Amino acid sequence: MLRPCDIMTVSMARLIRDGETVFHGVSSHMPMIAVLLAKATHAPNAVHLNIPGGVDPQKPRLQSFTSAGDDLWSPAVAEFPLQEVFDLSMRGGLDVAFLSGVQFDNRGGVNASVIGDYRMPKVRLPGGAGSAVLIPTAKRAIIWRTKHDVRTFTDKLDFTTARGNVSDIVTPLCVFTMYGGELILKSVHPTSSIEEVAQNTGFPIRYITLATTPPPTEEELKKLDEIDPQDYRSLEFR
Amino acid sequence: MTKLTTLSQAMQTIPDGSLLGLGGNALNRAPMAAVMELARLRKRGLRLVKTAGGMEVDLLCLAGCVAAVDAGFISYETEYSLCQHYRKAVQAGSVKANEHACYTVISALRAASYGIPFMPVRGLKISDLVAANDYFAPVTDPFTGETLNAVKALRPDVSIIHAQLADEQGNALIEGPKYEDVLLSRASQTTIVTAERIVGEDYFARSDVKANIPHFLVSAVVHAPRGAAPGACHGAYGVNDEAIRSFLSLTDEPALAAWLNRRP
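Which chain is which? The protein sequence lines are A and B, in order. Reading the first sequence from the start, the letters are residues 1 to 238 in my numbering. Reading the second sequence from the start, the letters are residues 1001 to 1264 in my numbering.
A few of these clues could be false.
Result set (DSS-like, lysine-lysine): computed pairs, CA atoms no more than 27 Å apart in a straight line [stated by the list, open to error]:
id	chain 1	residue 1	chain 2	residue 2
1	A	K156	A	K122
2	A	K139	A	K156
3	B	K1210	A	K156
4	B	K1096	B	K1152
5	B	K1003	A	K147
6	A	K156	B	K1152
7	A	K139	A	K122
8	A	K122	B	K1003
9	B	K1125	B	K1096
10	A	K59	A	K222
11	A	K122	B	K1088
12	B	K1088	A	K156
13	B	K1125	A	K122
14	B	K1210	B	K1003
15	B	K1125	B	K1152
16	A	K139	B	K1125
Pulled from the structure, derived: some chain A residues nowhere near chain B, Cβ distances all over 10 Å [as the list claims (entries may be wrong)]:
id	residue
17	R14
18	T21
19	S27
20	P121
21	N200
22	L235
These aren't lab readings, by the way, just hints derived from the structure by calculation. Nothing here was measured: the structure is a model prediction, and the numbers come from that model. Cβ coordinates follow ideal geometry from the N, Cα and C atoms, glycine included.
Build the full structure now, drawing on both the sequences and the hints.
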């Protein structure tokens, strides 16, 4: 059975190129597993950077409550803590940052701060974490969001936490990509349809060529089970 | 000189309204025993500083101890969802959320540790955070004329850091991920250390692994075994799922007081 969490994780992994420096933060089980998958398949020389500062952790035993814990530090080959990951991005050395948010517009804007007014919000969100500095400075900011509806993908953000180098957005329905400053549809997951994507997106869907997201291969699924035997990649869907 | 004291005495030295730095990251090595004592002591008006906080911020908000939170991210991670008490307090207007990017907290602490009033940062190029907050302002490079954003220094009155080892003089060793704690100790006026284990006076002198927080930055040392619980502490214990879930089920301050009384 094809699960959106597997399709999303595999889609994120495939966006990582061999040799790239890649960072993910807190509350990021799915991208954390995607980085580990990319390194176990097509991108063995990608550099895994994270909050505890464990560079390239070898076969980490992942924990359910954190993607910023000592499981990524103890089996690492070098120490490079969060503050230095940010410094790396500021000087142009970070290739990929995985980030999320709650609202996205079709020009690559991200809101992770508030719904309503900033000072008297209707909903106070957790905040953008590194977004406001990483989205403009990382070469590519890849966004994932497990909710895909018209409130999430909207033509008007309540607040712009960051705008900059968003390159792709991976959702349970599809993958968007930035093209000429505009978010266009890159591929629709085999578990969804163009109609479902259009109905759940608050701005007009545009595309150049419409593809179906290639489903996870046998090898990718096998590696996923080795990397993530407890199935933490589905945490956000539970 | 011994700085060893009790948790209660150490927390009583923190005045209401203090700018308070907290060590650790999310549920990893946060100074939970100290935070619970601050809640028992009914501290008021605390202004918290942290890159990514979770349960400790949520608990202090439920206890009514907090006036403001300067942080990049306040939430439990995936499994335990959002910090509902923080969120409600901000939405009700009783707590001011000063949203940073995590890096601007780091930059603000670096400015304090360098003894300068602000730090220029790249990034923040197109963000409503700059106009919405008075701790960000444009700054011009005097050499090239390039415009960057500056973040105002954050110099905590006191920071609380939970370490695995400390001696009575205040030399403390953080094992495993250090997060921003070493910087926090340099940026703050003073630091209170809670430690899993107190070692003898000559421990660090005889070891090749030196303390990463030196005694002269530390005002008090507290022996606090399981001092990061119900969060995790590297090399000592993981999270206590049952205790976290029992906290998450609390809805008001009296329920929190009863919950705190049941804990050591």
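Hint check results:
1. K156(A) - K122(A): 16 Å, holds
2. K139(A) - K156(A): This hinted pair holds, its Cα atoms lying about 25 Å apart.
3. K1210(B) - K156(A): 53 Å, violated
4. K1096(B) - K1152(B): 17 Å, holds
5. K1003(B) - K147(A): 51 Å, violated
6. K156(A) - K1152(B): 30 Å, violated
7. K139(A) - K122(A): 33 Å, violated
8. K122(A) - K1003(B): With Cα atoms ~46 Å apart, K122(A) and K1003(B) exceed 27 Å; violated.
9. K1125(B) - K1096(B): 24 Å, holds
10. K59(A) - K222(A): 14 Å, holds
11. K122(A) - K1088(B): Measuring from Cα to Cα gives roughly 10 Å; hence the hint holds.
12. K1088(B) - K156(A): Roughly 25 Å between the alpha carbons, so the hint for K1088(B) and K156(A) holds.
13. K1125(B) - K122(A): 26 Å, holds
14. K1210(B) - K1003(B): Given that 27 Å is the threshold and the Cα spacing comes to 19 Å, the pair holds.
15. K1125(B) - K1152(B): OK: K1125(B) and K1152(B) at ~17 Å, within 27 Å.
16. K139(A) - K1125(B): Answer holds: K139(A) to K1125(B) is near 14 Å, not above 27 Å.
17. R14: 22 Å, holds
18. T21: Per Cβ check, T21(A) is outside 10 Å of chain B; nearest 16 Å; holds.
19. S27: Violated, because the least Cβ-Cβ distance between S27(A) and chain B comes to about 4 Å, which does not exceed 10 Å.
20. P121: 6 Å, violated
21. N200: 22 Å, holds
22. L235: Per Cβ check, L235(A) is inside 10 Å of chain B; nearest 5 Å; violated.
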